[in-house]
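**Student:** As a plain string of letters, each chain reads:
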Amino acid sequence: MMLGDRSRSGVGGILEDRPRPVPDVLMFLIIAGLMALGSVMIYSSTYIRLDEETGDPGSAMRKQLVFAVAGLVTYLVCSMVDYRLYRRFQVPIYICLMLALFLVLFASPQKGATRWIPVGPFQFQPSEFAKVALIVVLAALLAPEAGRLLTWKRLGRALLAAALPGFLIFRQPDLGTMLVVGFITIGMLFVARSSIRQMLVLGVAGVVGAFAMFQLDILRSYQANRLSGFFDQTADLQGVNWNLNQSQIAIGSGQLFGRGLFQGTQTRLSFIPSQTTDFIFTAVGEQFGFIGSAAVILAYAILIWRVLIVAIGSPNAFGTLISVGMASLLSFHVFVNIGMTVGLVPVTGLPLPFMSAGGSAMIAMSGGLGIVNSVWRSRSPVGEREPNDFW
Amino acid sequence: MREQPPQPIREPRNLSWRVGVLAVIFTVGLSLLFFRLWYVQLATGEVWAREADQNIVSVEPIPARRGDIVDRNGLLLATSVPNLVIEIDRAVLPLEVEDEVIQRLAAILDVSPVEVRQAVERTPSGQVASLIGFEINADTAYLILEQRSTLPGVEVRALPIRGYPNSSLMGHVLGHMGLPSPEDLERLTTPYIDTPVGKLGVEREYDPFLQGTPGKTAYRIDPEGNILELIGTVDPVPGSTVRLTLDADLQREVERILIEAVDLSNAIKAEQEITDPDEIPPPTERSTALVMEINTGAIRAMASYPTFEPEGFVGGIDVETFEELSDRQAFNNLAIQGLKPPASTFKTITYVTAMEESIFPEGVSSPEETIECSARLSADFTDDSQLLWRNWTFPEADGDQNLHDAFRRSCNIYFWEVALSIWDRYARTDREGIVQEWASALGLGRPTQVDLPFEQEGILGNRQLFEEWQENQPWRVRQEGWLGGDLMNLVVGQGPIVTTPLQMAVAYASLMNGGSVYQPRVAEAIETAEGERIRTLGPRLLRTVDISPSTVESLRRDMTAVVSSGTARRAFQDMGPMVDLVGGKTGTAQSFVDQEGQFHDSTAWFIGMAPMDSPRWVVVVMVDEGGSGGAVAAPAARAIFQYLFGEEVIPLAPGEDTER
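Chains G and C, in that order, give the protein sequences.
Position 186 (the first sequence) corresponds to 186 in this note's numbering; numbering is contiguous.
Position 635 (the second sequence) corresponds to 635 in this note's numbering; numbering is contiguous.
Next up, chain C with everything else stripped away, as it sits in the complex (with noise of 0.2 Å):
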């Protein structure tokens, strides 16, 4: 609509009048808003002040009750329990009765006086006092409240607690209680100062499902703190329930074995002969496991030792146990949280990157054709370095190999071949990472996005990152920068990696399963209390890696080869018929010694996968400092895998002691 040009015609009369109208209209309604007040302020006021006086409303929350967490079949793992607490609203109980009425509280409840006082004034004077840490069963509520109109502002109320059925069981995954931290306060959308919250694991990170929504009722009291009616009572909502995709019959054999790899170990260390003082291993105290669905990335279970109990820190838990438990580590969940070097676990991405770019050792163009594992290797790069490097077979060659048999018997000689190949064809061009690319396509130096809280993402070096160390963190790295010796480092799981269990059990699953990168996750779903399912919370595709199928059938076959005939072997050769269909492969992280001139033994790993026919299962075990992985991890994931077969578990024997 365009302006229209002014009208030379004008209107005669005065048209004011009708904004004079309109301006009627509101004198007269702002007018009667004006008497209205008068009416009920001044008319009427006295009778309404008279009710204010007595509608002095007494507003009390009624916690909501927090949801339940229950294992993939629904068993019970974290609920929450009615417990009878004695409140003293300060607020309501005169000042000058106090101490009569604590004297007669602590008659009741057959303590002495001075407790209670102390109880009540850990709260300010006009709040309301929760006496936690006092018996009380259903006669002394009674008591208590028979006896209420002496006992001003005391009152019993039912108040959720935390509990744990299963004590430790799940102790990492479950997470525990604490009250909000500043924080949490700030995180949490609707938090109570005095509500605990969700600290660690499932209870943090499903807390919003958790928590619910808190009702509350609301009295008119009078100035002496009676009741006089109740006005309305808001209801709760209760906290919906979280069901894990963990099994807790399995997890509870994972976490039973992991104790028994940790006495293994330590029974192989007291069994070796060590002639240097300095090199006599530390005992092994901490070790993980964890199983994943290959084609879900659900977990069906994750155990880290040393464990705690969730239900210690329901109503706080006391220094000394926290200061001992975190000591060993105990709060850490290794599965997500435990940077380790992965070793030979990580020769399955370079076999991949190998077979997938068709770069082999110089001089051998196909996967078929061998070169000699021999003892040791000595390297020439183009930047005139010169390294020695020493197969774990020293001072024995291990015959002549191809990529096949090298990645059955571990040869590193083999991958950093593979390694020189890369440097020679690709240094300083943009392919120069391909190694680094395929395993961070696979998960690796990566959040694998597990819902759990504080998940580590690892190191995956390359020359990038070497350059903003020497930016950012001078200190980290040599000041040539990234040497054609760190990418040989890299290929066989050393030097400048480092990765979680589960970033591998993702790339391994992820390679089994033809490229698919799934979000590993622990809860499977979110219910109603009543079991009502609101939300099914995956499979979560993050991505799909290009990877063919030849590959994946031929390293099918190798893993397979590493357990009929490999470094995991021994470990293996007293499972029964179903070994057959069990893959996997061995890693053993070197060990060496710390600044401090303390010796840190080699860190084990195995990671397999069953049935190889259609692979379902991943298993990782990482047994922290506890040697080598053939010998201790290996016989670890054995007695899962029984389990998880539905075989009887026969107890651990050491297995072979390789790679080192």
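The shape of chain G in the complex, shown without the other chains (with noise of 0.2 Å):
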């Protein structure tokens, strides 16, 4: 739109000549690579209980698979899709969000909560899609004022918006998730110039109310339980430290080279919880050791870094704050995840991001980095800084 304004005008005639902005081939790249690596981590540690059980090796990879080409699909639409369209549509995405994470809630529990909803034979997981959903509309609220500090008034609004399905997403409960929402919401509002005023209240409210849920028994036993054995990480290695433990015995083991692609005992043996969800690290780990750990953190660093690049390079406010949003969802999840299979942060349910197996957050960020470029490839192609309503 912006360009085709200024191709019109005149001004920028020559502009036709010049190659349209090409797609970020990295963050394709990176997006994919990590896709293929949690395919191979899954297929490592189940391939043997599959066998014995269904005689079937290779059936949660397939399905993995399936759902990587359904991210990638994903990813390449929503980065043809003009991502200002979503400006427009910010009331029904809202919405839409709400309704899915109000549904949830009657679907029927599985491991003690209810996050999913069935649908055939895959189980959706709205709040997933939530995540990427708010962070457009969350976006769309703070754009407009341009030039100025955030009013209170608008800082209200934003957090109203954000605390709403925040709630639902504790009633699942999912603790992981709700610290997600709150976490992008404080990194974008920064972005939206709140004021250092503004910082230093919701940073005491945040700390007010985290005591009080521990206070006021909010939390289900065992999400304290888990909070309290992370501090005491000896006590009861049989019970909620048993997957901290086996964790990192897994990763530990792997030292610097690693045991090498299928020799890993521990993820082999699958005695870990979650080995192919929210503990998929711990199979790289054993397998590739530190050399392929810090890899893998290393492509992570490089994909939020270029979430950045765009968010600094956005011709408008809106793009600014998806990206700041987007990059802050994938940083937290790395930062938990990864920490939580290290002993360094407590054990919350976060996928890997593009490799946990699952379907709902491989298609969600997918969505949600193929948005990013969306805004990337609308940037000015000849590098000189458009209008930008932010700076």
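It is possible that some hints are incorrect.
Within a straight-line C-alpha distance of at most 30 Å, the following computed DSSO-like cross-link-like pairs (lysine-lysine) qualify [what the hints assert, rightly or not]:
{"id": "1", "chain 1": "G", "residue 1": "Lys63", "chain 2": "C", "residue 2": "Lys216"}
{"id": "2", "chain 1": "G", "residue 1": "Lys63", "chain 2": "C", "residue 2": "Lys199"}
{"id": "3", "chain 1": "C", "residue 1": "Lys199", "chain 2": "C", "residue 2": "Lys216"}
These aren't lab readings, by the way, just hints derived from the structure by calculation.
All values derive from a computational prediction rather than experimental measurement.
Combine both chains into one complex, guided by the hints.
**Tutor:** Written out as structure tokens, the structure is:
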């Protein structure tokens, strides 16, 4: 749109001869690479068990590959769609995300939580999509106020928009996802020019809220156990710290070069619960060692860096804020997920982006990065700064 | 929120520092991961690696106890009993000592080492071999456990196996177990390739409830297979108990009576003087009976003869036994799979159609008016076809009869005349199929939805079906398509109609209770292993059929008349005072010669109900190629009713040979 306007105005008539901005190939390659690695990791930690139970060692991996392809297609489609379109549809998007989060509360519980809605043979997890949708809605809410600091009114509106889905997610219960929502919101508010005072007030409110949750018994007992277990990792090795201990043994035993693909005794014997979902990183750690683990973290760092570059290069605040939101989402997931497997943070069920088994997170995050890529493609091709309503 | 017009005023300060701050925070976070990984994998990695080397975790599944199946009074019908089994983990047993261990084990078991080796080698190396088929008692088990240090990889485990305390009782309803087939693995949610699953009957239908969830134990073992410590145990969740609607005592009596009915049928056949050698009937081999509650659909007894012992499948059935049982069709539950023409028992449906739609023979306008039940009927159809039909009393006529008499005496002529009236009035209109519509509403030609697998739905012919067949299976139908003669056949339960005994039970029960069609079911409830009820399964009303109370009342009277003075009179004459409370209908499907020239005798039906003042039970007896319904099936039903009324069950005696 903006390009069209410029060429029509005659200022950039020569622009028509210049190539349109290419999509971010690096981003695409990293995503596809992580997906492929994740699928191999899933195979390495399921093939023995599946072969014994069903005689079909590859079923979990094949399912994941289907999700990966669906994710890449979603990424490409979202790259093609002009992201500015979402701004017009922010209200329907918000209604849909609330509706899905509300409906999921009535689904039948699995593993003690109602996070999934069965759709045919698949389990649809609305909260994964809700995160990306919320980023778009928050970006739309915060973007228009250019050139000035954030007013309290607008801040309150954004907080409310984030708090409602946050509450529904907490009811599932899904503490991890609720924390992600909080982190994204704070990151986006910060970039949307909130004042120091506003950030301080938010920080104090957050601490008080967390304290209240502990004191008022709002947390489920297992959530409290995981937290207290985290602070005393030697206690109860067979109970709450089971995951943590097993996952550290697996990762630690990888040492520098790892035990080699399909050589990891810990992951192969699949006794780490949620081995293919939340604890998929243990498979990388054991089989590929420190070199492989560091490479994976580096890949995520490059991905996040690319997204932040898009944030700075975006021609408008909406695109900047979407990119900032997606960068926050990715960083938080990566930090909490890997941190949990190495005993850095308490156990919370957040998937490792593009690697953990499961379709909802895969497709939602691919879609989110597709939108970021759409922002990238619409920036000025000549490198000069567009009239950004932000800076 | 609308997009605002572009802001002309620009913020002078470059604020991308805010994104920069975020970037710093993210970098710090990822660096923390990096350093923590460095600490875990490099600084302390050797410690973890040593732990991992010792930490060959051996995970052993703990099978869940399969739930029991009990009868309505809680009598145990299927249960799981612990059974000691030797297992050899070939991953743990070093190859170089395998021979030695096998010899030592054979010595303890007092069998030849060759046998043990064969049993071990049935399982590929690296996996756990179960030595099924070796007698192990507690003493042997202790002996093995004591010598464990010299028997690496050898374990004694208590594996539950399925037991059926009442041998073949209720065999078809209970079904049997077997190792999962590829289809089973596809069908079931959490199958294990070496855990038997339900293959037939309740064992199959309620497998998800019976199966339970296996647990597991994780040991830390050293490379030699010694257990270092117990890491953790996930307890198995035992399967639920399925409580059936069936009554084991009643079932036992019904199964006994069925065998008696087959004997009675063969005794009658032996007495028959048959001149034509091509018409000597083969001996009667199969029969079925069921008792169902009219107002709930609960099946109180369901038997099929010949039967089989479910326990024969535990640990695998041998080929000869299987083929022998299979040849005799012993695995067929005739009550839900035996498709036969319902013959005169279908006249009840025609009767109801006539009453409800006010369609009577030509010149007759009420159920009370009579026509002559002549010896034969010749019919001219509008399509120029002409047929000559004989009543079963041929060459005798059976006097003047109205609808009630015709039902009691099972007069074909009257019902054929009804069919002719329908044909004359409605042929090729949308009301042509009113009889089939009533039959279908009452449950014929469609699944009864009974909670047992592999139910047959039968055939209920009409013009549409014949047209479909002409498309897909042209060899099944003649070229002219649906004709008046087909309808005439159908109204007396012959020709293009086959049903299962259970479908007939559902139809009769729905008529007697005023039009409520219930799902017939064999399971009453799902309970925990401790007997606490988790889920009650019925009654489940499938649909209601609009039928006037006067028709029901009239049918009730005429069914009683069948027993007191009609085709079933002689079969019930010795029943005693309770006979006044019984009603029903006989049926005798025509004998025929098949394409290979084999003569097939008539199939005997009786469908009875009691007590007629407020009907509670429907009893269906079908003796496959057993002769006349009045002679063979009705006496068997009489015996079942005697049991239901708590009277002494007197031996079967031949009833009247009718409808042939």
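**Student:** Look at each hint and say if it fits the structure.
**Tutor:** Going down the list of hints, with the structure as the test:
| no. | hint | result |
| --- | --- | --- |
| 1 | G:Lys63 / C:Lys216 | holds (26 Å) |
| 2 | G:Lys63 / C:Lys199 | holds (29 Å) |
| 3 | C:Lys199 / C:Lys216 | holds (25 Å) |
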